[in-house]
Structures are given as structure tokens and as C-alpha cells.
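Given the structure of chain A, go ahead and fit chain B onto it with the hints provided.
There are 2 protein chains.
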Amino acid sequence: MLEITAKADLLVKKYNMLSHGDFVVVGVSGGPDSMALLCYLLSKREELDLRILVANVEHGIRGKESVADTEFVKQFCKSKDVEFATISINAVDEAKQNSLGVEEYSRIKRYEFFNSFNPDKIATAHNLSDNVETVLFRMSRGTSAKGLCGIPPVRDNIIRPLLTCTGEEIRQACKNSGIPFRTDSTNFDDAYSRNHIRQNIVPLFKRLNPSFETTVSRMIESINEDESFIKSVVDDCYEQCFDNSSLNTSLLNSYDVAVAKRVVIKYLSSYGVAVDDYHLGGIVELIKSNGKFQIANDNFVVCEKGRLRYAKMNQTVDFDNLFVNKQIITNEEFLTNCKLWREKFDFFCDCDKISGNIYVRGRTENDKISPAGRGCTKTLKKLFNELGINIEKRACVPIICDDKGIVGVYGYCVDERVKPDSSTKNILLLKILLEDKI
Amino acid sequence: MLEITAKADLLVKKYNMLSHGDFVVVGVSGGPDSMALLCYLLSKREELDLRILVANVEHGIRGKESVADTEFVKQFCKSKDVEFATISINAVDEAKQNSLGVEEYSRIKRYEFFNSFNPDKIATAHNLSDNVETVLFRMSRGTSAKGLCGIPPVRDNIIRPLLTCTGEEIRQACKNSGIPFRTDSTNFDDAYSRNHIRQNIVPLFKRLNPSFETTVSRMIESINEDESFIKSVVDDCYEQCFDNSSLNTSLLNSYDVAVAKRVVIKYLSSYGVAVDDYHLGGIVELIKSNGKFQIANDNFVVCEKGRLRYAKMNQTVDFDNLFVNKQIITNEEFLTNCKLWREKFDFFCDCDKISGNIYVRGRTENDKISPAGRGCTKTLKKLFNELGINIEKRACVPIICDDKGIVGVYGYCVDERVKPDSSTKNILLLKILLEDKI
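Respectively, the protein sequence lines represent chains A and B. The opening position of the first sequence corresponds to residue 1 in our numbering, with each subsequent residue numbered one higher. The opening position of the second sequence corresponds to residue 1 in our numbering, with each subsequent residue numbered one higher.
So here's chain A without its partners, still in its complex pose:
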């Protein structure tokens, strides 16, 4: 245990992982990593006055073997006078019921279980080999510096004291110190990719450098330092740029692209939106100008008036299914009711000026209108700009047409052509049921 204890001590000290009197829940499967972790923590129990509880999750995947693992951990805890708790889940079936991957579901359940004891710390047995695999895996799938930071030694109340020890070192330490462990015959964590990296790729790197894992560990540490520095700059920048649910683009532009990109990532993640490298490049271009940029489906980023904001666009409103309540009343009745009801009608025009059928559609690129009483013709784009209608809402504004063309923009104006005047006899009123679509 000596060497891994020294490495763990260093890491525990560096990240201030353990405090006097901590209540630590340790996830223990019975494998070499978690048994070594448990023994390490037990060696600190007295000195730090730790309360240690071993939490074991039986995933219901390996039948008898899995149940025997749990029994093995339970007996070990009994012999060391350590609190022990276990739950059984049926990971495969339950994951399917919850539409989650088996590993993701299991992870959620594990941490739910660990947190249920309300501990100060949760200790997990991730090691350096796991970390190197994680980094190589992410590299193979595409990542930035953030992905190269690997598994964090500390996240919230989760601590990983063995993160700088290789799997080989831990197994060796168990053998040398007589720490018993069980061997898990399955590995359902991204099974193919991770096993491929562990069994095929890492050994090839070790041919170039037998200390490959430790070497990569230093790289991970160095990248973490860089990332931590950039993060501090990003946090400052975010604080300065963020206001009123949007970002100040001229301020954002004054920062380096490495910072600006991370600020955008942070902003979008607050809406639960993840953005890949390609789209990030597009957004950064957008910040320098104006307009909108589609991230995915109805997720957009809009830049206007010096601000960048996230927008969910209902790009395709089904106007055919909007209920149109048509009503024709006399001009006299209309004028009386207007005064009587003190009501602003959503849409009204001279009924007799309508040509053929009346219907509702969304705007198209070249739509033009001559707003009643204004003596000019303009594109709907220009009109919407004047009216201050958000880009993402424009597609949802109902355009009222007859066989000759546009007769009005619902909620905003009618065309000169159908405007009621002194000769008007009948008024057409329209009511459009927009429901929650805008």
C-alpha cells in the first residue's frame, strides 16, 4: 500500500479532500480499486476521526456472482467494524423503462443511494488508468481542452483519492498488503470503446513509454491548470457580458476567441443547450455581425442590437390548424361596439373589399404590405423590424391573405386595399386561436 498511500496522501492534501470528523460514504463494489480505497480511508479513520459508511450497489446484472460480491464486501466491513449498506437494482430493465443507457441509469441510482445518507463526502475509486482511458476516449470522439481535463479529483462532495494511481499499481498494492478483492467479469461502461482503448490502444502507447499513464497524468494536470485559469477569465467575462437574459456582443468581441467561445457555451448551457465545435464557430462569426444561427432543431442564437440571445423558434407553425373565427357585422354596429366595448379588435377590414377566399399563412421572404394610412409599401421584414418583433417570433405571426394577396398582419395592421373608409358597409372581424404557439 505504501506507494499508492503516498500518492493518495498527496492528492488528498492538494485538493483538501478530507476534513476532521468527515462522514464519508465510500462506493465499494468489491473490486481491487474500491477495496484499496476503503483500506486507504480506514487507515485514516482514527487520525481524522472519520465516520465511514460503505455503500454497495448490486446491479442485478451478473446473477449469483454479483450477489456474492455484495456478501464479500459485507463480511469485510463486518471484520473491520465499518457501517455497511446495500441496495439491489435491476439496471438493465429499469434503465429501459426510464429510456436511459444502463451505465447512465446505474450511475444516477448509485449517486442517489450515496447521497441518501447525507454524507460530507462521497469517495469513489476512479484511478489513473480510468482517467487516461477517459481522455483517450474523448480525444477519439472529439474534444477541446475541457475534455482533456479528464475525471476531476473533486466535484461537489465527490472525492477520488486514487485518481493518480494506475490500476496496475492498485492491484499490486492489494497483493502486497493482502487486501482481498473480487474480479468483476463484466464491464458495461461504454463496453466496446473503453475495452478497446484499455486492451489495445494503451498497451501500444506503453511500448513507446512504459510510464505512459503517469506521463498523460501530468498532461492532464497541466491542461487542468490552463482550463482553470481560462475559466476564471470566462467567469469574469460572463459576469460583465450577461444581462437581461442575453450577452453584450461588443464586450464579448473584445475578448479572445478562446474566452468568447466558452462564454457562449456557458450561456447556452444555462438553457440546457449543448453546442458542438462546428456550431460554436458559426456563433462566434455571428457575434461580429447580426442575424440568427440555428444550433439544432428549433434552438437558435439571435444577434441583434448588440446583444446575443438564445431563442427557441417555432419555425413551422401549422396555420391551417389555427381556428379562424370569422364574423361579419355592419359598419354601424362595428363603430357602436367599438365605443361600447372599448375593445381593440385583433383584425378588421372592409368585408366588401376582400377578393375571393380569405385564409391565414406564415410570412414568406418577399411579402410586402402597404400599411393602412401610411401611404407607403414595405417588406414585412422591414415592418417587423419597425414593430420590434423578435426574429424568433416572426414566423409565428399570422399573415391574412385573400386571392389578391396580403390583406393584413394579424395583431398589427391591415393593408390600405381593405381599410374601412366612409363608404364601408360591412366589417369583417377575424379571431385566430393561437393557443400557446406564440
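A portion of the hints provided could be inaccurate.
No distinction is drawn between identical chains; accordingly, a pair holds when it is met within one copy or between any pair of copies.
[Claimed, not checked] Taking lysine-lysine pairs in the DSS-like style, the calculated list, with each CA pair at most 27 Å apart, reads: (1) 288 x 13; (2) 404 x 368; (3) 146 x 231; (4) 266 x 231; (5) 14 x 292; (6) 146 x 206; (7) 146 x 14.
Simulated from the structure, these hints should not be mistaken for lab results.
Relative to chain A, chain B alone:
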């Protein structure tokens, strides 16, 4: 050529690689990469009014084959009406004569040759596969973000238009466009490691992700952005901290460790000293306190009085070989000469107060002295501090001893015990030949 042309165009534009009227020297070996590069540049020749000169280096390694490659390139240039120049070197023998690796020597000779034409730009045919190999190679040997930046698309006047095209894409483009090329049967560039990465490791990553190289390319680009941002902060920090051949440590400490480390790297590299990750960690610790830290051999970093500086320390002065010129004169003669010569003697004491033999050595940790006339005893460490003797010079200061202990610090003071006084009859003078050792 279409796809690689598009990629090259993008890169050329992004980095502003080519300007109208540029004189471009292209390194061409006859392999697919350099032939594709040449054809790409030729396709831009008219539009950009480029003057293109093909420079070929025959390394004298592959005998007839290598000479035939040169002839092949020469004929191709003739057919395309392109200036052609070639030199032959005997890389293996000449490298040995210059105590350099074959690859390093060849690289130096190549760029010497390219630059001899005084071009605006030197174009080399490095591709994305080379870049990915470089990054994986560095990762296997240990690197920080800087190493993960890979091969730069532009460095000084060197441009690499094909850096985002994979080797496979380039070979395919040559085939599709009928660009002829020769296949190099050797690869002497870090032969084993690079071939191992290319032939064994990269294909395994491609099983996880067929677009592995392009994926890593995006990672490289992202890390480059980060590094470029951090570099700008580092340059500012360096400018603020650097003065009088040293760095201001309290200022340096106010920066993030990621920045501070790079400032130290930059500072030491100005002395031609490279520092690895382990030593860098030590130096960063040192900045928070005081003292000295050994980088390698006689290379030290010294922190004192709020400044960090590089110091070359002669840690082991061979005091036995210092010539000691002993001279005994009467007190009368000494006093007369002092006035006459107006000379400060390097070392003098009451000869009759010396016990046994007199000799010279370097200081040891617990050395103490009672400086004559001061009425106190102190460690040499404290005395040296008072005298403002640089840490790196302390080991070189000769300590004069007799059989009872220290009688003086050469050049600075004698011990109370051997101080001449009114009863002194004979004075012992010492001259120590320090040569260039201090």
C-alpha cells in the same frame, strides 16, 4: 484535387499564407504530399502572380532511388515551366560529424537551402496525418497544451497549406487528378516511434472513429486558440515582471499558475534552458518563498529579495586546486605597506594565533564565525545574507581554516580569534587564485 484544394484554400485564407506577387520556395521530395502541394501552388500561380521555385534536397541516404527522385522532380518542373534547384547532402555522415541526429541535421540543411533563395515564403507539405502523429507522439512522451498545438500552419515565413488534409486524402487527390509521385522507401524521422504510431496506433483509433484525424484536428485547433489566448496574457505578464535580468516574484505570484509557469519557461528559455514539468512545479513553489532550486547540472533558479533569476552555479569549486600564495611579514612591515601601497589585502591575520595547518575549503551548512571587532557569533549563512552575496556565489567563497576551525572568509572578514592586535608580531597574508571560478 477538389476537396484538398478547398481545404487548402480555407487554411491559406485563414492564415493569410499567400500574398500577391510572393516568391515561394516549395520543398519537393517527389512524394505525394509535396507533389500535391506543388500542384496546388501552381494552380494559384497566375491568379496571385506567384514566383515559384522548387527546392529539392537529395539526402544521400537511399542511393540510386534518391537520385532518381530528384531527376523525377526536375523533369516535372521542366514540364510545368517551374524553376528548380537541388542540393545533395550526405546526411548520415555529416550529421555524425556535427554531433546531430540525422533528422535534425537534415532539417537544418533543408531550411538553410530554402532560405538561401531569400524567398517571401517557404511552403512545406506537412499534412494532417503528420500533425496527428506529432500530437500523439508528444502525448506519449509527455507534453502540455503547447505540445498538443501540433505543427503550426504558419511559423515565420514557413507556410503549410496542406496541414488540414489527411495523407489518405492527398494520395487520393493525386490519383484522381493524375498527379505523379514517387514513394519514399525510408522514413528516418524518429523512425520507430512515428511508424509505430502511424501503422499501429492511429488505425486502432480509426476503428473507434473513422474520422479520427479530422476529429483530432479540431481538438488541435481548439487547443491552439486556448494557447494563443494564454500566450497573450503571458506576454503581458512577462513585460510587467521582467526587469534587470530577473522576474518580480510578487507580481508573478499575482498571476494564475498556468500563466506563471509559462512566464518562467519563457524567461529560462532566453538563457537556452529548457525546463520539464517536474522542475517547473518546484520553481513555482520556490516563487512563494525564497532560496534556490536546481534545474539540471549547474543550472539553478534563485529567488531572493522578491526577484527570481537564473543562476549558473559552480556548486563544486575544487578548493584543493586553488593556488594559495602564503606570505608572512612583520606587523611593522604590514602597517607600513598598507599605507604605502594603499592596498586592501585579501586576507590577513595574526600569524602566531594560527593553530597547526592552514587550508581552504568551501562552506558547510553549520559554519559559524565571530567577525573580528563585531563582538558576536553568527552562521556564515547569516553573514552572507548581510554581505549581500548571491546565493549562487556562496559555494565559491573560500573559507580559510586552521586546525581549530574557521579563521576567516576570504575577501570579507577574519575571525576574532586571529585578528591582529597591539601584541601582534607577524602577519600572515594569503592570496587565493580563484581564476574564472567565481
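These are the hints, each one checked on the structure:
no., hint, in the structure
1, 288 x 13, "between (45 Å within a copy, 18 Å between copies)"
2, 404 x 368, "within (13 Å within a copy, 109 Å between copies)"
3, 146 x 231, "both (10 Å within a copy, 18 Å between copies)"
4, 266 x 231, "both (10 Å within a copy, 23 Å between copies)"
5, 14 x 292, "between (45 Å within a copy, 23 Å between copies)"
6, 146 x 206, "both (24 Å within a copy, 22 Å between copies)"
7, 146 x 14, "both (21 Å within a copy, 25 Å between copies)"
Hint compliance for this structure: no hint is broken.
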